[in-house]
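Undergrad: Protein sequences, first through last, are from chains A and B. 1 is the number of the first residue of the first sequence in my numbering; add one for each residue after it. 1 is the number of the first residue of the second sequence in my numbering; add one for each residue after it.
For the record, the hints were derived by calculation from the structure and aren't laboratory data. In this text, all values refer to a predicted model and were calculated from it rather than measured experimentally. One should not assume that every hint holds.
What the hints assert, rightly or not - Partial list, derived from the structure: chain B residues whose beta carbon lies under 8 Å from chain A:
#1 359
#2 364
#3 520
All residues carry an ideal CB built from backbone N, CA and C; glycine is no exception.
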Amino acid sequence: MTGSRPDSLRRRRWRRFKKNRRGYCSFLLFMFLFVLCLGAEVISNDHPIVVRYQGHTYFPIVQACPETTFGGEFATETEYSGRFFRQQMKKPGNWAIYPPNRHGYDSINFADSRPVPSPPGNGNILGTDDRGRDVLARLIYGFRVSVLFGLALTLVGTMLGIAAGAIQGYFGGKIDLFCQRFIEIWAAMPELYLLIIFAAIFKPSIVLLLIILSLFGWMGLSDYVRAEFLKSRNLDYVTAARALGVGNVTIMWRHLLPNGMTPVITFLPFRMSGAILALTSLDFLGLGVPPPTPSLGELLAQGKANIEAWWLSLSTFIVLVGMLVLLIFIGEALRDAFDPRKV
Amino acid sequence: MLLSIKNLTVNFNGDDRKITAVRGVDIDIARGETMALVGESGSGKSVTALAAMGLLPTSAEISGQVSLDAKTMPLGDENRMKKIRGDRMAMIFQEPMTSLNPVYTVGSQIIEPMMIHSGLDRRTAAEVALELMEKTGISDPGRRFNSYPHELSGGQRQRAMIAMALACRPDLLIADEPTTALDVTIEAQIMRLLRDLQQEFDMAVLLITHDLNLAAKNSTRIKVMTNGEIVEAGETAEVFRAPQHPYTRKLLASVPGEKPLRTREATTILTARNLCCHFPIKKNIFGRARGVLKAVDRINLSLGRGETLGVVGESGSGKTTMAMALLRLIKSRGDITFKDADLATMSAAELIRARRHLQVVFQDPFSSLSPRMTVAKIVGEGLKVHRIGRNKKERQTLIARVLLRVGLTPDMADRFPHEFSGGERQRIAIARALVLEPKIIILDEPTSALDMTIQARIIDLLLELQAEMDLSYIFISHDLRTIRAMADRVMVMHQGRVVEEGGREIFTAPRHNYTRELFAAAFDV
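The shape of chain A in the complex, shown without the other chains (with noise of 0.2 Å):
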């Protein structure tokens, strides 16, 4: 053993997902989306940053100011695009930072005399949607939502997905047969008409959401990872565990599910484009998210109804697209860096 030392298998997998150069800038481009949409409190508020009035400093963005608190009458929450509180501002010494885009998700802009939706411009960079709400931020907050939508239920469905899997692949038998058979009848279940009834005797939430979608998202998966622990069930280097007095669990662990992860690295960019179509579309049928949260699918159901404010449809089509290329293109990457012909 001589020269430089190889590397290990993952740090060569890393470098063939780099040298392919459209997964790994559009890796590099989501994940730089992603990080700044997590703070889209900063980015698109109403509610200013930092507030200097009369010595003090304010940070509206995370506490609640009363119009009191710069000399206004009333104690509810100030109305930082009114004109007492601009005036206020105007004063020698006192002064407010302001995020780039200055709406939240669900402030409604009244400046805006034209009807809603109202086309871009007037401060509202993409226009408002049909309750005077401005587009970009809800474009931010709901990619937002979407992203995180869809790490969770791909999270929790990969979760679930690998522990059935792995049971099956590893006891084999009749606790297979039993598990085969269960997937098979779970699978026929009409998965849209259960969501319409849940929404119907529960108030939809996100949680809820996730949980339902998580019962039925971890099937696709868990036969993947049932084969790959089928097949090293067997290998010698199991049996050795086994010879070694290794329990049951620990060998799943530590032997069989590094080697079983490629399916579930692999199919993760897939999996997470998957669940935020699914959101979106059950948004865009009225099942998903309550209002005013907000949502992709939510917008594009407004942009059908006013088909002639293109700025809804189009904005939210071109973010949508853009996320779900973006993941599809690091999921071909990925695809390619596991790819065991090529190690």
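Model the placement of chain B on the given structure of chain A, informed by the hints.
TA: Below, chain B alone, put in the same frame as chain A:
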């Protein structure tokens, strides 16, 4: 000269470097002659053959000249090569299962080259094929003609491959490890068949093998290859009598010798009585077994302290199943007594404690090490399970010590298995077993996947460890030479049963018919 290869060099372009697989190789074979090309894995012998056949992928850079009957072969021209391949020169491969197409019948695969090259119609081709199958000794050729490859045994498949290769009466046959995947008794039959057919067809044969013994008995001239170069060439008998090159000498010296006889009597440490492993084969619709495969059938054995019990048998004789049953890794019936405790009735916790003393090393060093774990983790896993060593540092010292003991260095501990060669991996597997300070190690063909020179070194290591730590081995192998080098007592298995058992005298005076046949095939092909 029928085939003449001049100054052949083959380069492969890897991800970021160029690999030279063959450099400046010259080979001449005359009609009717058998030339052996001997070398270890990675020596470039198969690449040489594939280059001559024009079967290398287009990514390979080939330079040099190959000519057949003094006519230069159009190596780059795939269309013209197609006319030569299968017609004037043919090839048989190592693995008869993967070199026959599983979705076509054997017969249709044999007649295919005749229909392409000789322009025969299906019926005449089928007649010739049946004749050929009869010649290659396929039993009941009429029925086998319509069989699929999986319905044939390994030896029968290799015969079908030979029939396919000979279909157009080629002038040159390249046999790439033709018997490596076969049992010794079958190997002898196949080699005899090749010799007969060679005489009948007046063919030239290029025999590619890693097995010196096979080359010695079946070739007139020999070329020894290592690292892509031919280091020694000459008459076979001459080369074996007086090897010139140091590599050839090393290769010849690595043929295992004989273990000295044990003198002292051993105390028994492991016994098995009436050990049976039966598997139901077919089930009827009610889930009842209709037949039973007796993989291991009423076996008795005893193993003494510091002793090696050799278990010999061909593939499918139940050797490995027996080992797994002894380790309690598969279900079995019968008593297994280890140091006065009954393994078969032990509780789970007791069994885990007993596992420390019963370890195993497998045949394939590539699949026996978890590819995502470092050497330290692989070797240290058993220490954790059995809580040996009080803390991490103590365990690291133990791991470093055992790595040194098996001939590796402690700084290899944080590398991954794929960074090691086959022999080194096998050492890691031995270290994993050894670190627990077991009493018994079951060695399941530990050297079969390794090259000759590495085999010899692993055997030396195992013998040293045994002498030093008073280990008992159950050494399972199909290779009688390694058994002779390792075992104090020998057990011959055939179809799940022990047909003969005895001390070393078994090698000189086998009693059972099957043993005699096996030994005859192994020692004097």
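Undergrad: I'd like to know which numbered hints this structure contradicts. Please list them from smallest to largest.
TA: Violated hint (a single one): 3; every other hint is consistent with the structure.
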